[in-house]
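Asks: Make a model of the complete structure from these sequences and hints.
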Amino acid sequence: MTDLSQALEMVARTDPGMVRHNNEDAVLANNAAGFAVLADGMGGYNAGEVASGMTTALLGVQLELAGKQTPFHQAQGGRLWAERALEQEVARANGAVFQASQSQPQYAGMGTTLVATIFSDNRLVVAHIGDSRLYRLRGSDFQAITKDHSLLQEQIDNGIITPEQARHSQNKNLVTRALGVDASVEAEIHVHEVMAGDIYLLCSDGLNDMMDDDEIAMALQMLSANLPLCADQLIQMANDNGGRDNVSVILVKVKQAFPAPGGFWHMVRGWFGKQGK
Amino acid sequence: MAKLILSMDGLTLKEIPLNKERITIGRKPHNDIQIDNLAISGEHAAIVTILNDSFLEDLNSTNGTFVNGQQIQKHFLQTNDVVELGKYRLKYINEAPQQASQTDFEKTMVLRPDMMRKPLEAAPIGVQTQPSPVTMAPTAAPAPQPTPAPAVAPAAAGQALPLGAIQVLTGANTGRELELVKTLTTLGKPGVQVAVIARRPHGYFITHVEGAQFPVVNGTTLDAQAHPLNDHDVIELAGIKMEFFLKG
Chain A
0 MTDLSQALEM
10 VARTDPGMVR
20 HNNEDAVLAN
30 NAAGFAVLAD
40 GMGGYNAGEV
50 ASGMTTALLG
60 VQLELAGKQT
70 PFHQAQGGRL
80 WAERALEQEV
90 ARANGAVFQA
100 SQSQPQYAGM
110 GTTLVATIFS
120 DNRLVVAHIG
130 DSRLYRLRGS
140 DFQAITKDHS
150 LLQEQIDNGI
160 ITPEQARHSQ
170 NKNLVTRALG
180 VDASVEAEIH
190 VHEVMAGDIY
200 LLCSDGLNDM
210 MDDDEIAMAL
220 QMLSANLPLC
230 ADQLIQMAND
240 NGGRDNVSVI
250 LVKVKQAFPA
260 PGGFWHMVRG
270 WFGKQGK
Chain B
0 MAKLILSMDG
10 LTLKEIPLNK
20 ERITIGRKPH
30 NDIQIDNLAI
40 SGEHAAIVTI
50 LNDSFLEDLN
60 STNGTFVNGQ
70 QIQKHFLQTN
80 DVVELGKYRL
90 KYINEAPQQA
100 SQTDFEKTMV
110 LRPDMMRKPL
120 EAAPIGVQTQ
130 PSPVTMAPTA
140 APAPQPTPAP
150 AVAPAAAGQA
160 LPLGAIQVLT
170 GANTGRELEL
180 VKTLTTLGKP
190 GVQVAVIARR
200 PHGYFITHVE
210 GAQFPVVNGT
220 TLDAQAHPLN
230 DHDVIELAGI
240 KMEFFLKG
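For the record, the sequence lines run as chains A and B.
Residues 0 to 276 (numbering that gives the first Met the number 0) make up the first sequence, in order.
Residues 0 to 247 (numbering that gives the first Met the number 0) make up the second sequence, in order.
Be careful, since some hints might not be right.
Stated by the list, open to error - With a straight-line Cα cutoff of 27 Å, these simulated DSS-like cross-link-like pairs (lysine-lysine) come out:
(1) B/Lys90 x A/Lys171
(2) B/Lys86 x B/Lys73
(3) B/Lys19 x A/Lys171
(4) A/Lys146 x A/Lys171
(5) B/Lys181 x B/Lys86
(6) A/Lys254 x B/Lys188
(7) B/Lys2 x A/Lys171
(8) B/Lys2 x B/Lys90
(9) B/Lys13 x B/Lys86
(10) A/Lys146 x B/Lys73
(11) B/Lys240 x B/Lys181
(12) B/Lys19 x B/Lys73
(13) B/Lys181 x B/Lys90
(14) B/Lys73 x B/Lys2
(15) B/Lys73 x A/Lys171
(16) B/Lys73 x B/Lys181
(17) B/Lys240 x B/Lys188
(18) B/Lys246 x B/Lys181
Hints are computed from structural coordinates only; laboratory data are not their basis.
Computed from a predicted model, the values in this text were never measured in an experiment.
Replies: Structure follows, in structure tokens:
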């Protein structure tokens with residue numbers, strides 16, 4: 000398996016926030032294998048923690064195995080192995096969480112949101128369920144590249160309310176999709192091109208409900224030289240604004256391009272420029 | 000639960016809970032809120048409530064619907080909005096749940112379309128009388144308590160905190176002043192030495208960001224931890240001295 004630790008710097012942080020006593024978020028970052036997983040659990044007592052914890056732990060092990068088995072950039076049936084691996088492992092985690100919630104009364108109804116990314120061959124594959132997000136900072140452009148599965152997002156899409164009005168809605172935190180609440184779940188999966196210098200942010204709604212996107216972008220731009228400080232600062236800013244929910248962030252800085260040997264980008268470089276050298 | 004307070008000439012006439020998904024306002028008797036006044040159209044306006052959010056819509060009334068003095072077609076109601084229909088006023092009050100129960104309420108929940116047919120005990124607020132398009136799983140939310148709480152926490156950097164500023168004491172920019180208005184301000188030369196000053200509700204803090212050299216405050220070199228700044232502290236960064244001070 001390609002070791003991406005030279006190309007990717009990752010920092011993961013999670014914090015209960017200022018109001019809650021327990022932390023139902025879970026984070027996992029593996030920069031060598033090139034993937035990151037963030038989950039925001041829900042359900043009574045500690046069931047939310049169980050759902051998010053099971054999901055990140057399972058994906059952490061299984062995605063690493065999947066990457067060792069077959070390089071993530073390899074295409075299979077028109078899709079990257081990373082896409083198929085995510086789809087397969089999300090289904091597996093969903094089954095495990097659902098089964099636990101069915102068999103243990105104290106876990107009944109538990110579930111979790113999920114955002115998981117795999118970096119491979121100058122691309123990233125992102126799978127998400129619910130309202131945990133993936134943002135990208137490229138130059139001065141900062142935007143979410145996942146779209147929440149939430150009542151609010153559906154209302155925005157249907158033109159019932161504007162994104163500005165959504166900030167004042169009392170209907171936050173109602174997700175329309177979650178992992179582990181049904182026998183099957185569909186993750187939304189997309190592939191994006193990655194450029195050296197990009198910074199990616201995976202976060203739970205405890206961050207983006209507490210801060211404007213502009214403020215998040217400012218922290219990323221100013222503190223990109225010190226990723227651990229940047230992650231701590233984001234959590235501190237969310238907490239200073241009230242910290243009403245658990246706050247989790249994973250930052251991924253792309254220090255250099257990471258074309259896979261024999262991969263798409265390697266071949267492109269072979270066709271142009273590199274010939275005759 | 001959100002409610003409307005109907006008044007005319009400053010006199011409160013009645014309180015109307017928004018306990019239905021759709022409440023109509025008009026002159027004709029079949030309306031949920033009947034206002035028998037010729038300035039009001041037969042079917043004048045409607046309020047649609049989706050869980051905790053309410054939307055006001057004008058139903059092509061003759062004299063129009065106004066919110067806070069502005070004519071509207073469709074409006075997302077915010078607490079304390081005043082809806083004007085002729086001489087009548089409808090004040091919209093949507094009190095957020097009390098802090099303690101609010102934390103429970105704000106827990107993320109899943110909306111499941113397959114639960115549509117079930118009764119509504121689980122719906123947190125409103126919509127008690129009619130089938131709603133959505134209900135919640137898995138847990139019911141506690142009843143709201145009448146204590147107002149802001150929907151979005153106030154932007155930090157408390158108003159109580161006096162504004163801080165930096166004045167450069169040495170080098171080419173001597174005398175230059177920089178007000179620390181933003182939540183974060185970085186100082187120094189990228190790639191050489193950078194520090195960040197964070198504006199927090201209880202004060203300003205300086206932290207090392209990058210470079211082999213750490214910032215010096217009042218002659219003491221900082222470590223990687225955030226360091227609180229006091230009035231008239233002298234900061235040395237990338238060979239430049241500057242003074243931090245609070246503006247009254």
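Asks: Now look at each hint and say whether the structure bears it out.
Replies: Do the hints match the structure? See the list:
{"no.": "1", "hint": "B/Lys90 x A/Lys171", "result": "holds, 24 Å"}
{"no.": "2", "hint": "B/Lys86 x B/Lys73", "result": "holds, 20 Å"}
{"no.": "3", "hint": "B/Lys19 x A/Lys171", "result": "holds, 20 Å"}
{"no.": "4", "hint": "A/Lys146 x A/Lys171", "result": "holds, 14 Å"}
{"no.": "5", "hint": "B/Lys181 x B/Lys86", "result": "violated, 45 Å"}
{"no.": "6", "hint": "A/Lys254 x B/Lys188", "result": "holds, 20 Å"}
{"no.": "7", "hint": "B/Lys2 x A/Lys171", "result": "holds, 20 Å"}
{"no.": "8", "hint": "B/Lys2 x B/Lys90", "result": "holds, 8 Å"}
{"no.": "9", "hint": "B/Lys13 x B/Lys86", "result": "holds, 15 Å"}
{"no.": "10", "hint": "A/Lys146 x B/Lys73", "result": "holds, 25 Å"}
{"no.": "11", "hint": "B/Lys240 x B/Lys181", "result": "holds, 21 Å"}
{"no.": "12", "hint": "B/Lys19 x B/Lys73", "result": "holds, 18 Å"}
{"no.": "13", "hint": "B/Lys181 x B/Lys90", "result": "violated, 36 Å"}
{"no.": "14", "hint": "B/Lys73 x B/Lys2", "result": "holds, 18 Å"}
{"no.": "15", "hint": "B/Lys73 x A/Lys171", "result": "holds, 21 Å"}
{"no.": "16", "hint": "B/Lys73 x B/Lys181", "result": "violated, 35 Å"}
{"no.": "17", "hint": "B/Lys240 x B/Lys188", "result": "holds, 14 Å"}
{"no.": "18", "hint": "B/Lys246 x B/Lys181", "result": "holds, 15 Å"}
In summary, the structure is inconsistent with hints 5, 13 and 16 from the numbered list given earlier, while agreeing with the others.
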